[in-house]
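Please build the complex by placing chain B on the supplied structure of chain A, with the hints as guidance.
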Amino acid sequence: MSNQKKRSFQIEAFKHRVVVDPKYAERTWKIIEHAIHEIYNHNASGLSFEELYRNAYNMVLHKFGDKLYSGLVTTMSAHLKEISKSIEVAQGALFLEELNRKWNDHHKALQMIRDILMYMDRTYIPNTRKTPVHELGLNLWRDYIIHSGKIQSRLLSTLLELVHKERTGEVIDRGLMRNIIKMLMDLGSSVYQEDFEKPFLEVSAEFYKVESQKFIECCDCGDYLKKAEIRLNEEIERVAHYLDVKSEAKITNVVEKEMIANHMTRLVHMENSGLVNMLLDDKYEDLGKMYNLFKRVPNGLSMIRDVMTSHLRETGKQLVTDVESSKDPVEFVQRLLDERDKYDKIICQAFSNSKTFQNALNSSFEYFINLNSRSPEFISLFVDDKLRKGLKGVTEEDVEIILDKVMMLFRYLREKDVFEKYYKQHLAKRLLSGKTVCDDAERSLIVKLKTECGYQFTSKLEGMFTDMKTSEDTMQGFYANHPELADGPTLVVQVLTTGSWPTQATVTCNLPTEMATLCEKFRSHYLGTHTGRRLSWQTNMGTADIKATFGKGQKHELNVSTYQMCVLMLFNNYDMLSYKEIEQATEIPTSDLKRCLQSMACVKGKNVLRKEPMSKDIGTDDAFFVNDKFTSKFYKVKIGTVVAQKESEPEKLETRQRVEEDRKPQIEAAVVRIMKSRRVLDHNNVIAEVTKQLQSRFLANPTEIKKRIESLIEREFLERDSADRKVYRYLA
Amino acid sequence: MGIQKDMVKFNVGGRIFQTTATTIANAGRDSFFGALFDDNWDLRQQQQQPNSRQEFFIDRNPDCFAVLLDLLRTGDLYIPSNVPERLLYREAMFYGLTDHVRSAKWGPFDGNRLKLSRSVTGRAPGDGTAIRAGPDGGCCVAHGSMVHVFDWMLEEHPPINLDYQRVNDIGWINAENVLISACERLGKGDGGMGLFSSSTGDLRHKFNVVHDNQIKSFTAGALGFSPDYKIFASCKGRSNEYGIGVWDQVTGKQMDFVYESPGWYLGDADKLQWLNGSNCLLVATLFPRKDNCYISLLDFREKRMVWSWSDIGAPLTIDEKRVRDAIAMEECNSICVVNEYDDLGFIDLRINGGSVRWSSRSRLLKGKLPDEPCYPKLALHNGQLFSSMNDCISVFCGPDWVLTSRLRRSYGGSICNFSIGGDRLFALHSEENVFDVWETPPLPVI
Numbered sequence: 000m001s002n003q004k005k006r007s008f009q010i011e012a013f014k015h016r017v018v019v020d021p022k023y024a025e026r027t028w029k030i031i032e033h034a035i036h037e038i039y040n041h042n043a044s045g046l047s048f049e050e051l052y053r054n055a056y057n058m059v060l061h062k063f064g065d066k067l068y069s070g071l072v073t074t075m076s077a078h079l080k081e082i083s084k085s086i087e088v089a090q091g092a093l094f095l096e097e098l099n100r101k102w103n104d105h106h107k108a109l110q111m112i113r114d115i116l117m118y119m120d121r122t123y124i125p126n127t128r129k130t131p132v133h134e135l136g137l138n139l140w141r142d143y144i145i146h147s148g149k150i151q152s153r154l155l156s157t158l159l160e161l162v163h164k165e166r167t168g169e170v171i172d173r174g175l176m177r178n179i180i181k182m183l184m185d186l187g188s189s190v191y192q193e194d195f196e197k198p199f200l201e202v203s204a205e206f207y208k209v210e211s212q213k214f215i216e217c218c219d220c221g222d223y224l225k226k227a228e229i230r231l232n233e234e235i236e237r238v239a240h241y242l243d244v245k246s247e248a249k250i251t252n253v254v255e256k257e258m259i260a261n262h263m264t265r266l267v268h269m270e271n272s273g274l275v276n277m278l279l280d281d282k283y284e285d286l287g288k289m290y291n292l293f294k295r296v297p298n299g300l301s302m303i304r305d306v307m308t309s310h311l312r313e314t315g316k317q318l319v320t321d322v323e324s325s326k327d328p329v330e331f332v333q334r335l336l337d338e339r340d341k342y343d344k345i346i347c348q349a350f351s352n353s354k355t356f357q358n359a360l361n362s363s364f365e366y367f368i369n370l371n372s373r374s375p376e377f378i379s380l381f382v383d384d385k386l387r388k389g390l391k392g393v394t395e396e397d398v399e400i401i402l403d404k405v406m407m408l409f410r411y412l413r414e415k416d417v418f419e420k421y422y423k424q425h426l427a428k429r430l431l432s433g434k435t436v437c438d439d440a441e442r443s444l445i446v447k448l449k450t451e452c453g454y455q456f457t458s459k460l461e462g463m464f465t466d467m468k469t470s471e472d473t474m475q476g477f478y479a480n481h482p483e484l485a486d487g488p489t490l491v492v493q494v495l496t497t498g499s500w501p502t503q504a505t506v507t508c509n510l511p512t513e514m515a516t517l518c519e520k521f522r523s524h525y526l527g528t529h530t531g532r533r534l535s536w537q538t539n540m541g542t543a544d545i546k547a548t549f550g551k552g553q554k555h556e557l558n559v560s561t562y563q564m565c566v567l568m569l570f571n572n573y574d575m576l577s578y579k580e581i582e583q584a585t586e587i588p589t590s591d592l593k594r595c596l597q598s599m600a601c602v603k604g605k606n607v608l609r610k611e612p613m614s615k616d617i618g619t620d621d622a623f624f625v626n627d628k629f630t631s632k633f634y635k636v637k638i639g640t641v642v643a644q645k646e647s648e649p650e651k652l653e654t655r656q657r658v659e660e661d662r663k664p665q666i667e668a669a670v671v672r673i674m675k676s677r678r679v680l681d682h683n684n685v686i687a688e689v690t691k692q693l694q695s696r697f698l699a700n701p702t703e704i705k706k707r708i709e710s711l712i713e714r715e716f717l718e719r720d721s722a723d724r725k726v727y728r729y730l731a
Numbered sequence: 000m001g002i003q004k005d006m007v008k009f010n011v012g013g014r015i016f017q018t019t020a021t022t023i024a025n026a027g028r029d030s031f032f033g034a035l036f037d038d039n040w041d042l043r044q045q046q047q048q049p050n051s052r053q054e055f056f057i058d059r060n061p062d063c064f065a066v067l068l069d070l071l072r073t074g075d076l077y078i079p080s081n082v083p084e085r086l087l088y089r090e091a092m093f094y095g096l097t098d099h100v101r102s103a104k105w106g107p108f109d110g111n112r113l114k115l116s117r118s119v120t121g122r123a124p125g126d127g128t129a130i131r132a133g134p135d136g137g138c139c140v141a142h143g144s145m146v147h148v149f150d151w152m153l154e155e156h157p158p159i160n161l162d163y164q165r166v167n168d169i170g171w172i173n174a175e176n177v178l179i180s181a182c183e184r185l186g187k188g189d190g191g192m193g194l195f196s197s198s199t200g201d202l203r204h205k206f207n208v209v210h211d212n213q214i215k216s217f218t219a220g221a222l223g224f225s226p227d228y229k230i231f232a233s234c235k236g237r238s239n240e241y242g243i244g245v246w247d248q249v250t251g252k253q254m255d256f257v258y259e260s261p262g263w264y265l266g267d268a269d270k271l272q273w274l275n276g277s278n279c280l281l282v283a284t285l286f287p288r289k290d291n292c293y294i295s296l297l298d299f300r301e302k303r304m305v306w307s308w309s310d311i312g313a314p315l316t317i318d319e320k321r322v323r324d325a326i327a328m329e330e331c332n333s334i335c336v337v338n339e340y341d342d343l344g345f346i347d348l349r350i351n352g353g354s355v356r357w358s359s360r361s362r363l364l365k366g367k368l369p370d371e372p373c374y375p376k377l378a379l380h381n382g383q384l385f386s387s388m389n390d391c392i393s394v395f396c397g398p399d400w401v402l403t404s405r406l407r408r409s410y411g412g413s414i415c416n417f418s419i420g421g422d423r424l425f426a427l428h429s430e431e432n433v434f435d436v437w438e439t440p441p442l443p444v445i
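Taken in order, these protein sequences are the chains called A and B. If you count the first sequence from 1, position 4 lands on 3 in numbering that gives the first Met the number 0, and the numbers rise without skipping. If you count the second sequence from 1, position 100 lands on 99 in numbering that gives the first Met the number 0, and the numbers rise without skipping.
Where hints are given, some of them may not hold.
What the hints assert, rightly or not - Pairs of lysine to any residue, SDA-like flavour, derived with a Cα cap of 25 Å: (1) A/Lys-129 to B/Pro-79; (2) A/Lys-80 to A/Ser-147; (3) A/Lys-62 to B/Tyr-88.
Think of the hints as simulated: they come from the structure by calculation, not from any bench. Bear in mind that the values here come from a model prediction, so they are computed numbers and not experimental data.
The shape of chain A in the complex, shown without the other chains (with noise of 0.2 Å):
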């Protein structure tokens, strides 16, 4: 077959519909259309839901979906160009009611028609992919109203002047501006966004500029910083009161950039009102307005927090290094102290207790105590005056405040073992004259220096503690074994263990006769209970309580220190002696003797001695007699020794000479422990390892440990290697 001869049938569907009135749709359309005029009119009571809803399901059922929903934008469609022109012409105030009023009744309208054309939304529109009635209505509402050429403009104009009034104090109806503001979020946050949100950050960013500047020009900063807060927190009220919730974050965001991190600088700089004033007169209120302020901006509390550290580094370094304060240690640290609880104040009430600040403070005391190379001898100054009579009548909490303190300085302290130094010193003189007030004030320190540098740094401290107490119970036993002693003098002895306690050079003097025997039985009586020991005496360190009776009978009981005591015993056989004759009967050293005839016969109301000639200063052709016009209205006379509280310079060289002695073998142990876990590490690790081990303590210097390493290359610890010279390798 070709194809030409083939013939084409052209066969007729079947057209298999049921015959409707043709003008069915028609009148059925028209039913719902005047319904939706009805209901557009407020007429819609006399409306039948039933026969309107049946009346749109049959026209979706015959197929004429189409025709329904077209209508239906057609008819909606004309009456908000109605509605349009009604807004259009109000004029002034009524524009924005009218406009709401529309709006609701819009609203109701729309869902009145959604109920009665809901089979459509439910079967219709999903098959057709159109737009469900709501949202359709919703559309039309924005296109024809919101974007009409002639209510556009003018309705975002209305929002941003009635904002504005209300920032400058105006009250404006919260109400009606929400119900507006709500209608353009109904219509979907585009809207929102474009035709409200943005324009208004606009505005605002202009408005806060211009504020924020004339207000820098006429206020100082407390007043400016109270005015920006009052501003944000009347932006976040507005925006609970009427915006959407989102933009919360977007206008307090405008405010503070326009009023806060623009003028930044120029705030905390502010003369006589400015950060560095703030913190000076203690602004706690003002000062926790700018950390609350400045929080919220970047880099704001880095700003805060770098003028305050510079200003605490220059006024602690002004403290440290005054030379007026370094004359009395008291003083010294209490103004430490004082410095650190004003801060920590002030942090604790302004600045929230922040993390970082408390860096920054700790860091900044860090810097500055260690600026003076003395700030561990005064602290540990300050830590005997209180143990010694400062705590007197003080509760047992605000002991610990205080060591607690004390404490704080001594984390700062970057040469811990100096400080051990002098406490050791200072420990020791309190121990042994008897001073301390309180025993349990001394533990609670030591206990806390324990649990900061650990068992090491205490033991020797607790030993003296501990020999204070064998001492004791040596004394007991002694007596105890010797009952005809009872009625002699009476001998306390304390027996100190070498090594724990600072060393001095010994230089025993001459005791009295009386002394020396009884001094020879305890030692016999000591040896004889301990094996292997040996015993030297400290007459240096030791005191003495001796009774005098003086020219017309009058009793005293003088405290005196050993020194003292020698010399006075003297003129039990003698009425006068020179310096000379004192010198060689007691061989007591020169400085500390002439110290004691001072304090014996130079001070006034303790002169027990008398003095030929009458001067100020010991010569050593001066004669001495026994003072028998002494009176003192106590009976108990306390001498005391003239003694430099303070180290003078030579002692404090030693006692640097010594520190220094101490730390070779320390820094040489923390080589060899490193080593002989690595066996093999380059100079500049272990310097770097040596400093970490140590800096509990003290800082290492690099110098020193190179010295060190050295040393222990030459006693065969280490080697170099033969390779890099600059790599160590341990040698077991």
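For chain B alone, kept in the frame of chain A given last:
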């Protein structure tokens, strides 16, 4: 007794019904009744005369209204014999109560409580290709070049086809849209993949494959879907463009294409499965489409196979243990496979190239195969594993996959395909064009 204030009187097609506003409120706002009693529709007239309340007239069938009113009262659906189901559904549509009816008809899916609810016969001959359950209780069945669509009432909608080309797989995008993959016709740009309206059967979108900026015709095989709106399909192009294509469901545009590497088959895959946890696509190409079985996991971010398994080189005695279907079980880190004797096997997903651990459970079946065997199929639903064999479906539960139920019905021959969705299980038979609908009955009254 006080006056019942919320009493409501309806006149439906001439019959009077009395009920209460609270009962009616069960219908919800998005229904005829919800709108009727909304404040917008001014019903003051009736409220003014509390004693002689006016009745609401509704021009509908009273018998159906009675059934639906009882549904609102009790939550139970009872259809008397004099009310045709179809009519009742239509009335439910009118009132906006279809969701109520559907949820009263069958309960949440449980493989161990299933009851055969209906068997639906179609006019096509046997040898169906695939059946797929829709998300709302409907299904679609592919026969040759046609796909028949059924809604949840099991009413058939206009059938759909892609240029009358042989259909390879079907899948539901959502309740409204069905995707079809079909063979291409030589020399024409027909076939490929199309998206259809499930209710009207209209073609909504045709998916293209682009190679070197040129649109190519192709044969689409197995389909897969991911929750982030991606469509996967195994594709065979004419000039050896074999591989897996990826499209965006929303835009309909091709997003990606992974070509198969020599010696490994992707474009002919029997099964695609998206694995949410590992963000990978399982691709299984099985015997007898190829001589061997190839299972692999594709990672599209790296464009490579991150896991693979094959039975190439396995001992010959295993011809009775050919993998016929595979399904990944991410919770157990394994892939479950099945052979033609209904033995289940497991492959560990954590070991690359591991072996199959068979659980030889049903040796009994050996030797009494039916005349026209169907390859077994697997499905996983809510921790229950389903496996079809001959004319029954086995349900396995628990960590050790214990056989807990068997679904069997003798009519229609072997089950060639089954699918679970919309709280229903659909099983398609091979000898007759009939499919069974299994539902979980609603919970008992007490």
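Structure versus earlier hints - violations, ascending order: 1
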